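Number of protein chains: 2
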Amino acid sequence: MTDLRAQPLTAAAFAPFGEVIETGGPFVTINEGACRRYTDLARFDIVDGRHGLSLFAAEIRALPYECGLLERHPLGSQCFIPMQGARFLIIVAPDEGGAPGTPVAFVAEDHQSVNIARNTWHGVLCPIAGSGLFAVIDRIGEGGNLEEHRLGRPIRVTA
Amino acid sequence: MTDLRAQPLTAAAFAPFGEVIETGGPFVTINEGACRRYTDLARFDIVDGRHGLSLFAAEIRALPYECGLLERHPLGSQCFIPMQGARFLIIVAPDEGGAPGTPVAFVAEDHQSVNIARNTWHGVLCPIAGSGLFAVIDRIGEGGNLEEHRLGRPIRVTA
Chain X
1 MTDLRAQPLT AAAFAPFGEV IETGGPFVTI NEGACRRYTD LARFDIVDGR HGLSLFAAEI
61 RALPYECGLL ERHPLGSQCF IPMQGARFLI IVAPDEGGAP GTPVAFVAED HQSVNIARNT
121 WHGVLCPIAG SGLFAVIDRI GEGGNLEEHR LGRPIRVTA
Chain F
160 MTDLRAQPLT AAAFAPFGEV IETGGPFVTI NEGACRRYTD LARFDIVDGR HGLSLFAAEI
220 RALPYECGLL ERHPLGSQCF IPMQGARFLI IVAPDEGGAP GTPVAFVAED HQSVNIARNT
280 WHGVLCPIAG SGLFAVIDRI GEGGNLEEHR LGRPIRVTA
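Top to bottom, those sequences are chains X and F. Residue 7 in this note's numbering sits at position 7 of the first sequence, with consecutive numbering throughout. Just add 159 to the spot in the second sequence (first one is 1) and you have this note's numbering.
These aren't lab readings, by the way, just hints derived from the structure by calculation. Because the structure is a prediction, the values reported are computed rather than measured. Quick reminder that beta carbons are idealized off the backbone N, C-alpha and C, glycines included. Some clues are possibly wrong.
Unchecked claim - One side of the interface only, derived from the structure: several residues of chain X facing chain F at Cβ under 10 Å:
1. T2
2. R37
3. S54
4. L55
5. F56
6. E59
7. C79
8. I81
9. A86
10. G132
11. V136
Said to hold, decoys possible - A short list of chain F residues far from chain X (calculated; beta carbon distances all over 12 Å):
12. E181
13. I205
14. G256
Chain X on its own, in the form it takes in the complex (with noise of 0.2 Å):
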């Protein structure tokens, strides 16, 4: 087992991996000035297939996390948008040669959305707090987009 300690989200930190969808950076005023808007801060790529949108509903997990598989999906980005507050952890990894290299962890808060690229190794939807309910926008379509891959030596992720 080796053990983790998740580090804050951060568009720069998690930038190999993916986006990281917040507020903070240009926007425009809609509304009669009732409302920022944000635009277009996700990379959808989805190859061969058509973009969907789905709920997932996560159980809560406890920490220390023991995470002992990564996947990734090849034929599409996979966006994780939380819904009624959460904090959720993300572990994700660089490929080395067609399976992971060393994991790095991730804490998200509830202002925060993630886009995981397209075939890049994650974890599973992971909340730690609050509601386990998170839209998701990724692949519909046939064909296989599941990899999967499991660890050597686990992971135990503090955060």
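Use these hints to put chain F onto chain X, whose structure you have.
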């Protein structure tokens, strides 16, 4: 001024205007039993552009809410996902010869998202409690995608 009482948001009542995205229907269990996936709940309808994810940070409005303007988007559906917990009003109207017919109002709870169908008359994003932060999936592209109609007789909505 016409008074209008918002009704609870249900898929059946909202069907003429788009989809309600909520749990309750069929699901598959994923992640070794830790997550229920409700797949493909919205019909994204994007013409001559691409799907984009934006954030809207909207003011919380007081009730009764006065609405004098409806709009529609001829080139794309628009999906609103509340983050961090929100209740929000959705005001929609059928089309009657290129102008809005009689408006209908709904109140969505924080476990519900809505996808407003392409070219459907609707009011602007209107949270009435909780957070004003929403993830929005709509069309990114060139060309005119906004049509506005000022109501001859404004409406005053209660919930």
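**Prompt:** Which hints, by number, does the structure contradict?
**Reply:** 1, 12 and 13
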